[in-house]
Amino acid sequence: MTELPLIGEAIAVAADAAGARRLAGAKIGVITFPGTLDDRDAARAVRLAGATPVELWHADTTLGDVDAVVIPGGFSYGDYLRAGAIARFAPLMSKIIDAANSDARLPVLGICNGFQILTESHLLPGSMVKNDHLKFMCRDQVLCVENNTTAWTRDYAAGQEITVPLKNQDGQYIADEKTLDALESEGRVVFRYVGFNPNGSRRDIAGISNPAGNVVGLMPHPEHAVEAGFGPEIGSGTEGLGFFTSVLNKIVGDNK
Amino acid sequence: MPRIVVDVMPKPEILDPQGKAIVGALPRLGFTAFSAVRQGKRFELTVDGEVTEEILAQARNAAETLLSNPVIEDVVNVEVVEA
Chain H
1 MTELPLIGEA
11 IAVAADAAGA
21 RRLAGAKIGV
31 ITFPGTLDDR
41 DAARAVRLAG
51 ATPVELWHAD
61 TTLGDVDAVV
71 IPGGFSYGDY
81 LRAGAIARFA
91 PLMSKIIDAA
101 NSDARLPVLG
111 ICNGFQILTE
121 SHLLPGSMVK
131 NDHLKFMCRD
141 QVLCVENNTT
151 AWTRDYAAGQ
161 EITVPLKNQD
171 GQYIADEKTL
181 DALESEGRVV
191 FRYVGFNPNG
201 SRRDIAGISN
211 PAGNVVGLMP
221 HPEHAVEAGF
231 GPEIGSGTEG
241 LGFFTSVLNK
251 IVGDNK
Chain E
1 MPRIVVDVMP
11 KPEILDPQGK
21 AIVGALPRLG
31 FTAFSAVRQG
41 KRFELTVDGE
51 VTEEILAQAR
61 NAAETLLSNP
71 VIEDVVNVEV
81 VEA
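Residue numbers (this note's numbering), protein chains in the order written: chain H, 1 to 256; chain E, 1 to 83.
So that you can see chain E by itself, here it is in the shape it has in the complex (with noise of 0.2 angstroms):
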């Protein structure tokens, strides 16, 4: 069954706690070529059936107005992956 990933980013100006803890975590485990972490979420919503047009705009409506918080987040990607 097909499957429409969003991806969801904290905004660029927006410091990220989560990401900076995970920035200075990397080193101590000895992986040091990073020098920034920006952690964000995906979610994958599974369709019964075909991923009509009308089907991908709820998908972007849901992105924008319950998966994400405009204030603090984009919507980076929404696409269609095939099971």
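Next up, chain H with everything else stripped away, as it sits in the complex (with noise of 0.2 angstroms):
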């Protein structure tokens, strides 16, 4: 298969068929769950960053020698419950658990139905609920990157816009005034909502990270913005790749 060139930093590393190499070498793994949507989205974002994916699956009991995690959005256990609360309880998501706490930090991203994951995990704080106009929405939404320190976000600027896909149902965050306070004075507020809030998002939240910042949610999906031709008309259309180039970055660059 001939894959696209690489875009991004990453292009200075893999100039040469070694740093190509060195890219490839990094694995991340995209989890699927019963009713997860866009794992091979997600996938094939990775692969377009220069990284190799990984499948793993939800049942497994090791996460294996990946690098870092995608729980990538859908629909797990069709919403049964709550939004992510059957799937948090998943064998492998108690590794995953383990390994974002862990001294490694193991970096882990969750798109929509993934940071509903994220949240019911208690790996980051507050929750989502039904849209305030109790809608599915599906529209290019504009963000504002406001933490560009996460491992998910080190290639963008920071106050960066970028316009990636939103779709979803239960995409209203919530938390209590004492966390979103915490969460904006440790600069934990990792995406905003710009122009328009699609859901009644608190305070325009539209993704935070953990305190390390390896641990990274957000509603909008970056990986449905990673190919010219496929991705929202405002912008580029790639404007998601940078999560993925930003992740595979700071694995190679750790690895060094």
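Quick caveat, the hints were computed from the structure, so don't treat them as lab data. This structure is a prediction, so every number in the text was calculated from the model and none was measured. Treat the hints with care, as some may be off.
Stated by the list, open to error - Looking from chain H toward chain E, a few residues come up when the C-beta cut is under 7 angstroms (computed):
1) Asp79
2) Arg82
3) Ser127
4) Lys130
5) Leu134
To be verified - Here are the in silico distance ranges between beta carbons for each label pair:
6) Pro70/E <-> Ser102/H: 19 to 27 angstroms
7) Phe196/H <-> Ala25/E: 21 to 29 angstroms
8) Asp65/H <-> Arg28/E: 55 to 63 angstroms
By construction, the Cβ of each residue, glycine as well, lies at the ideal position given by its N, Cα and C atoms.
The two chains are supplied separately, each in an independent frame; assemble them into the complex guided by the hints.
Right, here's the structure in full:
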């Protein structure tokens, strides 16, 4: 299969065959639950960034040797009980929680339903409830990257605006005022909605991180904005690719 | 067979969009006496045999860990109902 050229800072590293091999040596796991939808797009985004995607199954009992994990969007367990509530207790999730909290600080990205799973897992604070307008919403959404020091955002500029698709029904981020104040003061609001709040999220919050910045969750879908012609029509259409090059650059940089 | 009933409600301070939609629909059907609606969940856990204190404790634990999310919901009732 012919791959598209690599995009982002990684290009410099991959300028020769040895560089490309080093990038491809980075393994990024993509977990699939019953009802996950976006695992294939997430795996493709990983590949387009230059890394090697590794399929993970929710019932697996080991993470293998992956360098990072993406928990993709969808409707795990049909959103039964609460979105993400049942997936949170899958065997592999306990491994991911341990690895994310360990000294190694495994980078973990939760997108949409993946974000819901991360809040249910208490890796991230707060929770998602039904959109304030009660409807499923799908649109191209402008986000502001408020924190570009996390494992998943370091290839963006602070304050950079990116456009990626948003599609959800339970997307309203809520937390108590104390938690929201703490998130703000610690710089853990990673993304904010710009121009339009699509779901009533508190303080226009679209994504947050844990204190160490290795765990990031957001409702919009960067993995759907990684290939020209297939992403949003606003902007380059590939403004989500930075998530995946960010973590790749971090992995390759850390392994130097 | 006895069942343990667990009732879970959205926390009072959390806006309940579903309840809000319901309270909007009620007057359209002529039910004008209700000023607010909050929608919760009822779980029925069937027990094969007698409900011991240990089993009731398990139910309470399950209610706090899986059946509800403490960030957005309260467990408002756990009780045994004989069939």
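Status of the hints after comparison with the structure:
{"no.": "1", "hint": "Asp79", "in the structure": "violated, 13 angstroms"}
{"no.": "2", "hint": "Arg82", "in the structure": "holds, 6 angstroms"}
{"no.": "3", "hint": "Ser127", "in the structure": "holds, 4 angstroms"}
{"no.": "4", "hint": "Lys130", "in the structure": "holds, 5 angstroms"}
{"no.": "5", "hint": "Leu134", "in the structure": "holds, 5 angstroms"}
{"no.": "6", "hint": "Pro70/E <-> Ser102/H: 19 to 27 angstroms", "in the structure": "holds, 25 angstroms"}
{"no.": "7", "hint": "Phe196/H <-> Ala25/E: 21 to 29 angstroms", "in the structure": "holds, 27 angstroms"}
{"no.": "8", "hint": "Asp65/H <-> Arg28/E: 55 to 63 angstroms", "in the structure": "holds, 59 angstroms"}
In terms of the numbered hints stated before, the structure departs from hint 1 and from no other.
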